[in-house]
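Enquirer: Residue numbers (the working numbering), protein chains in the order written: chain U, 12 to 124; chain D, 83 to 196.
Bear in mind the hints are in silico, worked out from the structure with no lab data behind them. From the three backbone atoms N, C-alpha and C, an ideal C-beta is built for every residue, glycine too. Careful: at least some of the hints might be erroneous.
Unchecked claim - So the derived list for chain U, only partly shown, Cβ under 8 angstroms to chain D, looks like this:
1. Val35
2. Met38
3. Asn42
4. Gly51
5. Phe59
6. Val63
7. Glu67
8. Gly109
9. Pro112
As the list claims (entries may be wrong) - Cβ-Cβ distance ranges computed for the label pairs, FRET-style:
10. U:Asp49 to D:Arg133: 28 to 36 angstroms
11. D:Gly98 to U:Thr108: 37 to 45 angstroms
12. D:Thr92 to U:Gly74: 25 to 33 angstroms
13. D:Thr193 to U:Thr108: 19 to 27 angstroms
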Amino acid sequence: DVKVTQSSRYLVKRTGEKVFLECVQDMDHENMFWYRQDPGLGLRLIYFSYDVKMKEKGDIPEGYSVSREKKERFSLILESASTNQTSMYLCASSFGTGGWPQHFGDGTRLSIL
Amino acid sequence: GENVEQHPSTLSVQEGDSAVIKCTYSDSASNYFPWYKQELGKGPQLIIDIRSNVGEKKDQRIAVTLNKTAKHFSLHITETQPEDSAVYFCAASIWRTGANNLFFGTGTRLTVIP
Chain U
12 DVKVTQSSRY LVKRTGEKVF LECVQDMDHE NMFWYRQDPG LGLRLIYFSY DVKMKEKGDI
72 PEGYSVSREK KERFSLILES ASTNQTSMYL CASSFGTGGW PQHFGDGTRL SIL
Chain D
83 GENVEQHPST LSVQEGDSAV IKCTYSDSAS NYFPWYKQEL GKGPQLIIDI RSNVGEKKDQ
143 RIAVTLNKTA KHFSLHITET QPEDSAVYFC AASIWRTGAN NLFFGTGTRL TVIP
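Please construct the entire structure, taking both the sequences and the accompanying hints into account.
Expert: Put into structure tokens, the structure is as follows:
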């Protein structure tokens, strides 16, 4: 089975802090994704990466950046956390050019105080 | 970009009854339509998917139908059980530079009453 592991289940940070969310997958997948999940809004794509050191903006990239130095690891960075970034963050990965299906981790619930 | 609408937002059914969740999409270039189930405290898990060259797909009690002309697709769960209670998301796939991206509906909270 595909395993997508997010390093923290719950995280509490302060406004203005730099925050790192880590995601690791064990299936040698080319593609990795970061989503944000908010009630009533579904899942929205923040950034994705289709290869090491490659990154593309999703639908809501403002206030975020990403890093992919190794194929198995994809990091989401909140440069200066704000309260409106309090949310559930989900990482996913998928195989190949087609990229179907995406497999998700269990999420990191991030609170910014 | 793609816009996916999902209805209803909540659905309650008696155990053993059927449940139907409907989604519409806007971009005719969408070519892959997965359905995910999310249980409390877990990430979304793929339960069934369908490609645009297929009209219907079944897997035991779960089926998905796709009408490309009308741009809508539906999830059908028959003989519902309490463990089917969860939030269900539909999605449509569009190609962006480097990979297919998923655009999600806003979710349906299904409650199966024993």
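Enquirer: So, for every hint listed, does it hold in this structure?
Expert: Hint check results:
1. The beta carbon of Val35 of chain U comes no nearer than 14 angstroms to any beta carbon in chain D, farther than 8 angstroms, and the hint placing it at the interface is violated.
2. Violation of the interface hint for Met38 of chain U is found here, the shortest Cβ-Cβ separation to chain D being roughly 14 angstroms, above the 8 angstroms cut-off.
3. Proximity of Asn42 of chain U to chain D holds as hinted, the smallest CB-CB distance being about 4 angstroms (cut-off 8 angstroms).
4. The restraint placing Gly51 of chain U at the interface with chain D holds, with a minimum CB-CB distance near 6 angstroms, inside the 8 angstroms limit.
5. Checking Phe59 of chain U against chain D: minimum C-beta separation of about 6 angstroms stays under 8 angstroms; hint holds.
6. Using the Cβ-Cβ criterion of 8 angstroms, the hint placing Val63 of chain U at the interface with chain D is not satisfied: the shortest such distance is roughly 12 angstroms.
7. The beta carbon of Glu67 of chain U is positioned within 8 angstroms of a beta carbon in chain D (closest approach about 6 angstroms), and the interface hint is therefore held.
8. Because the smallest distance between the Cβ of Gly109 of chain U and any Cβ of chain D comes to about 6 angstroms, under 8 angstroms, the interface hint for this residue holds.
9. Of the supplied interface hints, the one on Pro112 of chain U holds, with its beta-carbon coming within about 5 angstroms of a beta-carbon of chain D, less than 8 angstroms.
10. The supplied range of 28 to 36 angstroms is met by Asp49 of chain U and Arg133 of chain D, whose beta-carbon atoms lie about 29 angstroms from each other.
11. At roughly 43 angstroms, the beta carbons of Gly98 of chain D and Thr108 of chain U sit within the given window of 37 to 45 angstroms.
12. Restraint check, Thr92 of chain D to Gly74 of chain U: a C-beta distance of roughly 31 angstroms satisfies the suggested window 25 to 33 angstroms.
13. Checking the proposed 19 to 27 angstroms range against Thr193 of chain D and Thr108 of chain U shows it is violated: the Cβ atoms sit about 39 angstroms from each other.
Going down the numbered hints, you'll see the structure goes against 1, 2, 6, 13, while the others check out.
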